[in-house]
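J.: Chain residues, written in single-letter form:
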Amino acid sequence: MSGARLSAYVDGVGLLAPGMTSWTDAVHVLCGEVPWVSAPTVLPAPQSLPAAERRRTGPSVKLTLATGLEATRHAGVEPALLPAVFTSSGGDGQNCHEICAALATTERQISPTRFHNSVHNAAAGYWGIATGATPASTALCAHDASFGAGLLEALTQVAAERTAVLLLAYDSAYPEPINGVRSIPDAFGVALVLAPARGAATLARIEAHLSDAAADSMPGALEGLRRAIPAARSLPLLARLAVPQGGAVVLDYLPHLRLALTVTRCP
Amino acid sequence: MLRSWYSHLRLRSARRYGAGRVGVFLGTSTSGILESEIAYRHRDAHTGALPADFRYAGAHNTYSVAAFALQALRLAGPAVVISSACSSSGKVFASAQRAIESGLIDAALVGGVDSLCLTTLYGFHSLQLVSAAPCRPFDSARCGISLGEAAAFALLERAPAAPAAEAVLLLGYGESSDAYHMSSPHPQGRGAREAMQKALAAAGVAPAEIDYINFHGTGTASNDESEARAVAAALGAQVAGSSTKGATGHTLGAAGALEAVICALALRAQLLPAGVNTTQVDPALEVNYQLRSRAARLRYVMSNSFGFGGSNCSLIFGRPA
Numbered sequence: 131m132s133g134a135r136l137s138a139y140v141d142g143v144g145l146l147a148p149g150m151t152s153w154t155d156a157v158h159v160l161c162g163e164v165p166w167v168s169a170p171t172v173l174p175a176p177q178s179l180p181a182a183e184r185r186r187t188g189p190s191v192k193l194t195l196a197t198g199l200e201a202t203r204h205a206g207v208e209p210a211l212l213p214a215v216f217t218s219s220g221g222d223g224q225n226c227h228e229i230c231a232a233l234a235t236t237e238r239q240i241s242p243t244r245f246h247n248s249v250h251n252a253a254a255g256y257w258g259i260a261t262g263a264t265p266a267s268t269a270l271c272a273h274d275a276s277f278g279a280g281l282l283e284a285l286t287q288v289a290a291e292r293t294a295v296l297l298l299a300y301d302s303a304y305p306e307p308i309n310g311v312r313s314i315p316d317a318f319g320v321a322l323v324l325a326p327a328r329g330a331a332t333l334a335r336i337e338a339h340l341s342d343a344a345a346d347s348m349p350g351a352l353e354g355l356r357r358a359i360p361a362a363r364s365l366p367l368l369a370r371l372a373v374p375q376g377g378a379v380v381l382d383y384l385p386h387l388r389l390a391l392t393v394t395r396c397p
Numbered sequence: 211m212l213r214s215w216y217s218h219l220r221l222r223s224a225r226r227y228g229a230g231r232v233g234v235f236l237g238t239s240t241s242g243i244l245e246s247e248i249a250y251r252h253r254d255a256h257t258g259a260l261p262a263d264f265r266y267a268g269a270h271n272t273y274s275v276a277a278f279a280l281q282a283l284r285l286a287g288p289a290v291v292i293s294s295a296c297s298s299s300g301k302v303f304a305s306a307q308r309a310i311e312s313g314l315i316d317a318a319l320v321g322g323v324d325s326l327c328l329t330t331l332y333g334f335h336s337l338q339l340v341s342a343a344p345c346r347p348f349d350s351a352r353c354g355i356s357l358g359e360a361a362a363f364a365l366l367e368r369a370p371a372a373p374a375a376e377a378v379l380l381l382g383y384g385e386s387s388d389a390y391h392m393s394s395p396h397p398q399g400r401g402a403r404e405a406m407q408k409a410l411a412a413a414g415v416a417p418a419e420i421d422y423i424n425f426h427g428t429g430t431a432s433n434d435e436s437e438a439r440a441v442a443a444a445l446g447a448q449v450a451g452s453s454t455k456g457a458t459g460h461t462l463g464a465a466g467a468l469e470a471v472i473c474a475l476a477l478r479a480q481l482l483p484a485g486v487n488t489t490q491v492d493p494a495l496e497v498n499y500q501l502r503s504r505a506a507r508l509r510y511v512m513s514n515s516f517g518f519g520g521s522n523c524s525l526i527f528g529r530p531a
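From first to last, the protein sequence lines are chains R and S. Read in order, the letters of the first sequence correspond to residues 131 to 397 in the working numbering. Read in order, the letters of the second sequence correspond to residues 211 to 531 in the working numbering.
Please keep in mind that the hints were generated in silico from the structure rather than gathered at the bench. We put the CB at the ideal spot given by N, CA and C, even for glycine. Be careful, since some hints might not be right.
[Claimed, not checked] Covered stretches of chain R (chain S as the covering partner; in silico rule of three or more C-beta atoms under 8 Å from a C-beta of chain S):
| id | segment |
| --- | --- |
| 1 | 298-310 |
| 2 | 351-360 |
| 3 | 367-380 |
[To be verified] Across the chosen pairs, the derived CB separations fall in these ranges:
| id | chain 1 | residue 1 | chain 2 | residue 2 | range |
| --- | --- | --- | --- | --- | --- |
| 4 | S | P530 | R | A210 | 51 to 57 Å |
| 5 | S | A479 | R | R328 | 49 to 55 Å |
| 6 | S | P417 | R | G350 | 55 to 61 Å |
| 7 | S | Q448 | R | A210 | 49 to 55 Å |
| 8 | R | Q177 | S | A411 | 32 to 38 Å |
[As the list claims (entries may be wrong)] If you want the footprint, here are the derived chain S segments under chain R, 3+ residues with CB under 8 Å:
| id | segment |
| --- | --- |
| 9 | 289-302 |
| 10 | 328-338 |
| 11 | 363-374 |
| 12 | 429-441 |
| 13 | 486-496 |
| 14 | 518-525 |
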């Protein structure tokens with residue numbers, strides 16, 4: 131397929147996933163040194179939020195704070211200075227369930243906190259409160275294509291605004307009964323700091339274009355994870371970022387489009 | 211009517227550019243969540259399961275509105291939903307413009323869609339923000355929002371070197387975050403002011419050159435107060451403005467696109483639209499609020515959209531020189 135090639139420098143990565151507690155930890159798994167062992171995702175308490183806010187937050191906020199802070203720490207940038215792109219297939223499923231269940235009763239009472247946590251950009255709002263970030267933030271959804279849609283939005287921001295951008299992709303499980311129609315087995319969050327120019331912390335350069343080639347799969351049991359959680363569609367890219375030689379990779383995106391990427395490591 | 215609109219957009223965009231070069235960028239706050247709310251009332255008495263005909267991807271999921279538009283218009287470019295509460299479909303113009311500017315696509319269907327659901331009705335009610343009477347933005351007696359429903363669309367294309375006289379140009383956008391509170395705007399309108407100033411800088415337009423501002427103007431005490439402060443700081447309090455939410459209600463995720471279309475119509479008709487229902491402009495607010503629509507020379511107009519989570523977006527539209 132023809133079309134523009136969008137590029138950016140990856141300056142930092144954050145990861146929280148089943149069996150992977152950070153990007154630093156995951157690198158050893160993704161480059162094949164250590165086998166992946168499935169284990170429930172551990173969501174840390176969001177210490178950067180005031181206590182009153184901390185109590186009100188769900189998995190989306192915990193995922194994005196942990197991964198966003200890890201990525202900006204690796205990149206050596208102040209989180210408050212970066213525009214941010216949040217992308218999620220479903221937002222906070224537990225909160226959505228509680229609202230639908232309450233609205234099915236005769237009282238139909240929902241609390242102000244439930245309501246403001248129901249917006250798809252809740253994680254973006256809490257990120258601003260926690261870090262003091264006042265640049266633009268956006269909140270995207272493209273069902274199973276949410277990671278690809280977020281990556282494209284971040285890359286077009288890098289290209290058009292010549293600014294570094296923080297991309298945060300995250301998904302978490304729905305409780306029953308929604309789990310019965312949309313099964314997401316566990317929480318997965320990934321964050322990337324993408325910059326327009328190479329810097330001291332730069333890990334790799336990536337170049338992306340739309341493609342109709344088939345998406346790459348992951349070796350072994352990680353393929354099950356890639357397929358099970360929309361944000362985990364990022365895994366083939368993360369695997370190229372984890373190895374010294376980088377490489378080409380095709381990411382799953384929309385039913386009619388994929389994203390072809392070339393990852394060139396910057397030693 | 212619907213069919214002729216579909217074919218118009220489809221012919222114009224897909225034929226001119228090729229279906230794969232046209233993107234879809236839609237804003238919504240709740241998409242088809244009403245179907246989930248109804249399905250929860252019909253859960254299986256024994257298993258708790260949702261009814262067999264419940265559609266997650268086609269209704270519940272936030273992206274379902276864009277998936278539908280992509281299919282209905284037979285487009286094949288990138289597609290996404292922006293869901294940042296009530297700024298959603300202002301921000302689609304910014305994202306689509308970046309995608310065009312970076313060469314990813316040549317044109318984009320942009321728009322906003324929101325329909326009534328219980329989550330927003332009872333949610334705003336829990337915050338005591340729903341007005342008992344039709345909303346009266348910037349009025350001394352304003353007491354909250356009226357919920358509305360809307361769908362508004364536009365085809366965004368790269369501007370030619372010499373645009374036609376009737377063309378409406380997207381000249382600039384500004385986006386910011388309050389980093390303050392989940393459901394209250396910053397009292398001084400810090401983020402709103404920053405969004406307007408960024409839009410002015412991007413458009414290369416001086417504050418005094420804005421001929422009309424379509425306020426976010428929800429009709430809540432706190433929004434109108436903080437917005438008035440922000441507008442006075444960014445543009446000067448003399449700028450003529452109105453909130454068309456007096457006429458349409460607050461259409462939430464559709465409001466940005468709906469009000470962008472109203473700005474485009476105002477530019478084409480050279481008509482400065484008044485806010486309806488407001489009778490007594492709050493003297494505590496420093497605004498030049500328009501109570502009567504009138505013919506006016508409009509070159510540059512601004513539209514504000516602000517949402518929960520402190521998400522702000524300002525757009526500037528104009529006519530060719």
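J.: Would you mind marking each hint as holding or not holding in the structure?
T.: A quick look at each hint next to the structure:
no.: 1; hint: 298-310; verdict: holds (count 4)
no.: 2; hint: 351-360; verdict: violated (count 0)
no.: 3; hint: 367-380; verdict: violated (count 0)
no.: 4; hint: P530/S / A210/R: 51 to 57 Å; verdict: violated (39 Å)
no.: 5; hint: A479/S / R328/R: 49 to 55 Å; verdict: holds (50 Å)
no.: 6; hint: P417/S / G350/R: 55 to 61 Å; verdict: holds (60 Å)
no.: 7; hint: Q448/S / A210/R: 49 to 55 Å; verdict: violated (34 Å)
no.: 8; hint: Q177/R / A411/S: 32 to 38 Å; verdict: holds (36 Å)
no.: 9; hint: 289-302; verdict: holds (count 8)
no.: 10; hint: 328-338; verdict: holds (count 7)
no.: 11; hint: 363-374; verdict: violated (count 0)
no.: 12; hint: 429-441; verdict: violated (count 0)
no.: 13; hint: 486-496; verdict: violated (count 0)
no.: 14; hint: 518-525; verdict: holds (count 4)
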